[in-house]
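**Student:** Combine the two chains into a complex, taking the hints into account.
Just so you know, the protein sequences line up as chains L and F, in that order.
Last residue of the first sequence? That's 598 in my numbering, and every number before it is there in order.
Last residue of the second sequence? That's 1177 in my numbering, and every number before it is there in order.
Among the clues, some could well be false.
Derived BS3-like pairs: lysine-lysine, alpha-carbon spacing no greater than 30 angstroms straight-line [to be verified]:
1) L/Lys-132 x F/Lys-1169
2) L/Lys-410 x L/Lys-362
3) F/Lys-1071 x L/Lys-69
4) L/Lys-252 x L/Lys-222
5) L/Lys-252 x L/Lys-270
6) L/Lys-252 x L/Lys-362
7) L/Lys-132 x F/Lys-1076
8) L/Lys-362 x L/Lys-552
9) L/Lys-80 x F/Lys-1124
10) F/Lys-1124 x L/Lys-69
11) L/Lys-80 x F/Lys-1169
12) L/Lys-211 x L/Lys-132
13) F/Lys-1071 x L/Lys-80
14) L/Lys-80 x F/Lys-1076
15) F/Lys-1071 x L/Lys-132
I should point out that these hints are in silico values taken from the structure, not numbers from a laboratory.
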Amino acid sequence: MPPEGLGPLTLQSLALPALEGGESFQTIPVNLDLTPDVVPVPKFSEQITANVKEARLLSHTPWVRPIGKLEITVQTDGWKFPRPAVEYSTLAKPAREHPDRPAGRQVVNLAKADDPNARVRTRPTADHVLFKDRLLYLLQPPLDGLFDGRQLEVPFEPFPYQLEGIAFLMPRHSALLADEMGLGKTAQAILAMRLMFHQGLLNNALIVAPKPLIHNWCRELKLWAPDIPHECFGGDTEERRRMWTVSNCPLKIINYETLTRDWEIVADPKLIFDLVVLDEAQRIKNRGSKTAQIVCSINRRRSWAMTGTPIENHPDDLVNLFEFIDSGRVPPDCPPKQLPGLTSDTILRRTKDDVQSDMPPKMIKDVEVDLTPAQREAYDRAENDGVIQLNELGDTLTVQHVFQLVMRLKQICNFDPLTGESAKLEQLVHDMEEVAENGRKAIIFSQWVEPLLVIADALKPYGPLQYHGRIPQQERTPILDRFKNDPDSHVILMSYGTGSVGLNLQFTNYVFLFDRWWNPAVEDQAINRAHRVGQRHPVTVTRFLTENTIEKRIAGVLDAKRKVFNDVLGQADKPASLGLTEGEIFGLFDIQSRPKRG
Amino acid sequence: MTDRATPTNLTLGFLTVLTEAGGYLGGYLVTNAWGRPLEFRLTTSVQPNRVQEILYGATLSEYILADLIGKTLIEKTATQPSLIVADTAALLPLRARIDVPVIALPNDKKTHADALSLKHSRAKQPILYPVKFSDDGPRIQQLLDAVDQAVELSEPFTRVREAITEARKMGVTSRAA
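So that you can see chain F by itself, here it is in the shape it has in the complex (with noise of 0.2 angstroms):
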């Protein structure tokens, strides 16, 4: 086996956005580069109301998704990440938004035309970045290389979820808000 060594300064950082009664809530995770966790991030619920559906239009998820959430988080959090894994191919978009690479792990199966694919093994399913920046490409394996091997890309957002659920709980979110 290949013992690679895992850089010590390699940080992940692991970007979800949850819907809920038509509002959306980020949450973001930054870990090393073994999965434990360094920093934790989140919004509170975001309802765009009925005029700002229809004046933002076909823009409006992009602009919530990337602009609002994705960069708000990113920008806000203290460890730059070297490395975006987004847990939906609709948060590539912001990778327009930002200076590191962002990846998606699709649950879906549907093609996405603005999207390359990779596989990695740590990561069950393809793995998605946009083809905006193709370049992209070689950069997102060698920090992947680099992953400890016992991480898994997908693991990390079962614990946001349950942070959020835990926050929710405890009415961190509406605090936040």
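The following block holds chain L by itself, in its conformation from the complex (with noise of 0.2 angstroms):
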């Protein structure tokens, strides 16, 4: 029986309509009491119920989201940097004032450092590729602190620009130290090298200098760098083979004349040196020369520079150097114009007028002297007997003939050749009188070293002290120890070739140029013996030119040169060209002839 309330069995009353909607479902009693020609229906295989429907729909997007992990992570990466070395590790005391530190260093002023809590700190460069090469300069500590505190012993703190120096230098492996004389450079380069060591950067290192600075060298290691050991080459082959392949010293030094001996030696593949230190770079301006080649064979990760002439005649001279520094960078006949441009990065250059406003000036007097009738006579018959000569030689003159003509002349503007009179050494002796009276100190350069034995005769009472080649190599040092604490030795006399490079004699306030030199970065150089950190007082330089002579002339010639220098590394647009040429040597005098060309 259907129930009650129920009517006969229909289509209509199975409500199909709710199940093909799929809103809603109710279940239906069905009265299976049917008669057998009912249709089909929708079949049922378990009963449908609203739980189940429920958990259907909860378990499909967008009722159910992810809300992702719960814990947080984080990654890391990280670098370790060489250890210092453990033979490094000790302790230093506190930094001390130097004995002779003289009170002008404490007035310099560095031009740009206009934020007096500027810190000058190591940067990368543009050679540095790896993050982990950048971050290992990036995290150095201030150079500045370094040398505040226990950790390096210094005689004196360095100056601001020193320490830019000494950045500039450690992060990289090509660099050319190139400040103006005077300023520092051989300290710079030691501390660089020092902190290197410090930081395991530096396991050996090379110093090459020439021979007479050698001994400046050893004096200002143990000045700036007195933990780091260090060793000279001396001895015979067999000495010199022990010290190169043997000798674990961290630092040896050389001179480039054993160097060129040793270069066997030097050629061995296996001898590398973490850095080679050139000093006097100008030494290797010749590509061709042996001792150019033989310093470019040195087996080395770091090459370094100093000169503070760069550039002696021509822009030459600096792309020869950087076969050295960088080989590869400048191409051998590289345009001046493109030189600033490649070599910018690599080179530090600063003069005493960017760095030291406060350091005392130098003052340069060009003395002109009139000739002693004597000598007057004899160099106008040298004059006009020698250009005579240089005529008659015809297609066989060559610039050799012309050069012995220049130095005899320039001899007799020194002395008379029979009288021995000078109208330099009257007026030289003059002015040592006014030095002395005075208590100052005086240098004396000249050429050659027969005109300095005569003017030390004549300049007896003021103590003369002699530093040219006659004076064996071991007297030298001690010469320049008496000069500076001997109150009575007013002068010493040195020739351009022995002592213009490398010596510090800023406690003296005169400097006699009694002949000139070739070339003008000679001159400077003798000049910035005297005219150099540490200098107190204004620096006197006088230049003695005898009137209506070759020197004269050739004063000319030099200016012209010192244009070519100060432009090139002034980045000037237009280099000016060549110093002393062949037609210029040619054109000092009224010769017709000319060597004959093949």
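**Tutor:** Okay, structure coming up:
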């Protein structure tokens, strides 16, 4: 029986619309007591309940969304740096006052240090591509702090510009420190090396310097890097071989001549230096010279060059220096205009004007004297005869012939060959009286030793000392010490060749150039023995010139050469051309003949 | 002047956390007593999502700074520090997670109830350390005395920030991520 209230079963009463819409279901009692001709109806395999319907809905988006990981994670990346070598971890004494510290050091200002709190830091260069390499320099402590504390024993704190020089050198594999003479290039290089030894960036280094400067380097090393052991190459070949190959002294010093003798040992590929420093690097300005080739053949990881005169004559000097500093950076035929662009990141040059506004001035005085009658007669005769002889040489004339005449005339400008009269000496003696009376000291430079011997005799009252090629090597340092400390010694006589480079004579206030050198850069070197860091008084430079002589003509050429130097390093658009060309040498005289060209 | 020996094995860990675009990035420099770098480590940027912010609630900052960045950086770094120097007091809770004294050099002048303060010539500003670890005071003093007198404790953070900036420029932080 059908339930009460239900009528007979029909298609309409089966609620099919509800099933098709899927929105609502209801359980419908069905009366199965049907007649056989009833049409088929949907078949349920299982009973549908509300719970089943709700579960399906909640298990599908957008009703259920993942909320992600509740745990927060982080990743790290790290870098380790070379550990300071154990031998350099020993304690240093606090920075102390150097006994010779001149008062002038305190008043030096770095022109561009506008911020008094600015720190001097090493920075990675464009050559540092790897992040780790860049980090190493970014994370170094400020250099000014290093010299404040107990970690480095230094005689006194370097100047700000010297700190910048150290910061310039340290990250560079290729560097040219071209500060003007007297600004302390040696100290900057030593301190940079010392810090790098401490940081484990260097294990061994080689310094190449001119022979007369080796003692100076040793003295400066004791002063600025007492904790870095060093040794100088000496002895016979076997002894030197042992030093090259067996000695584990971290810092070695050699002069150019000895290095040239040891070229076979140097060429050994197993001999590698972390750093090679060339002092007075203009020594390798001639690319084809044996010295230049041997220096460039040293196996090394870093190359630093130091010179106050990177261009002595021609921009090519700089190009050739770069053969050592960074071979391949500057092509041999590089036009001068392109030099600054190729080299500027590798060169640091400061002049005294740049860094030391308070440094005492350098006053250059050209004293033009008239030859004595005897000198004038001898000079005129020599020049007239000499020119006649040159012209008679015709096609066989060479530049050496002209040089010989120039030298002869210059010697007469110094002293009359017969009487020994000298207009310059008369003036010099007069000037020296004043120097000695004021308790000052002077340096006198000459191209030759002979004039110095005569001058020494004339200046006996002023305790003259001599420092030139005829003074044995071992006697030179004591002579400098005596000149510094003996109040009765007012003058030292030097040849350009021996005394013009590397010496610190800032306790002198007068420089006399008794005769002129061929090259203004060499003259500048000589002058800067006195006018350098630590000088407390003005320096007076007297350049003797004799009127109406070859000296005046050469002076004109030298002025032009000086312009070459300033133009290229000043990045002028159009560097002046050559200095003393062969044509200019011939032009010193009225010579019709010219050498025959093949 | 007293010439006190600088212990060669003394190491300082300089820890900073920078915030950027809602995220946190940690940098950690270990130096010797002279301030010279021994090891450097940095983290990827941590950016908690909204749900994490809700679920971690007030503990989120301490969790990220101390547990996630600070503790991870120190544990991952091979060189063990003698003293951790942070540039924010928010990193002081790190002390509870490691067995190394932690000090902070806050730039602000806020008072920190949960920190003690001491003065030392190695820092221009007062040095804070957790009040819960008040026993650290003498040890911190002793360690700071051994640091080279040229070291100013806030200076290395300049280096760390520059290094992080360089890392960003070179894409190192994202690479690590």
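**Student:** Give a verdict on every hint.
**Tutor:** Verification of the supplied hints:
1. L/Lys-132 x F/Lys-1169: Holds: L/Lys-132 and F/Lys-1169 sit about 13 angstroms apart, inside 30 angstroms.
2. L/Lys-410 x L/Lys-362: 26 angstroms, holds
3. F/Lys-1071 x L/Lys-69: Cα-Cα ~21 angstroms, so holds.
4. L/Lys-252 x L/Lys-222: Within the cut-off at roughly 13 angstroms; holds.
5. L/Lys-252 x L/Lys-270: Answer holds: L/Lys-252 to L/Lys-270 is near 16 angstroms, not above 30 angstroms.
6. L/Lys-252 x L/Lys-362: Since the Cα atoms of L/Lys-252 and L/Lys-362 sit roughly 36 angstroms apart, the hinted pair is violated (cutoff 30 angstroms).
7. L/Lys-132 x F/Lys-1076: Given pair L/Lys-132, F/Lys-1076 holds - Cα atoms ~18 angstroms apart, limit 30 angstroms.
8. L/Lys-362 x L/Lys-552: This hinted pair holds, its Cα atoms lying about 22 angstroms apart.
9. L/Lys-80 x F/Lys-1124: The hint holds at about 29 angstroms.
10. F/Lys-1124 x L/Lys-69: 43 angstroms, violated
11. L/Lys-80 x F/Lys-1169: Holds, because 20 angstroms separates the two Cα atoms, which is no more than 30 angstroms.
12. L/Lys-211 x L/Lys-132: The given pair, whose Cα atoms are some 40 angstroms apart, is violated under the 30 angstroms limit.
13. F/Lys-1071 x L/Lys-80: 18 angstroms, holds
14. L/Lys-80 x F/Lys-1076: 12 angstroms, holds
15. F/Lys-1071 x L/Lys-132: 23 angstroms, holds
Checked against the numbered hints listed earlier, the structure breaks hints 6, 10, 12; every other hint is satisfied.
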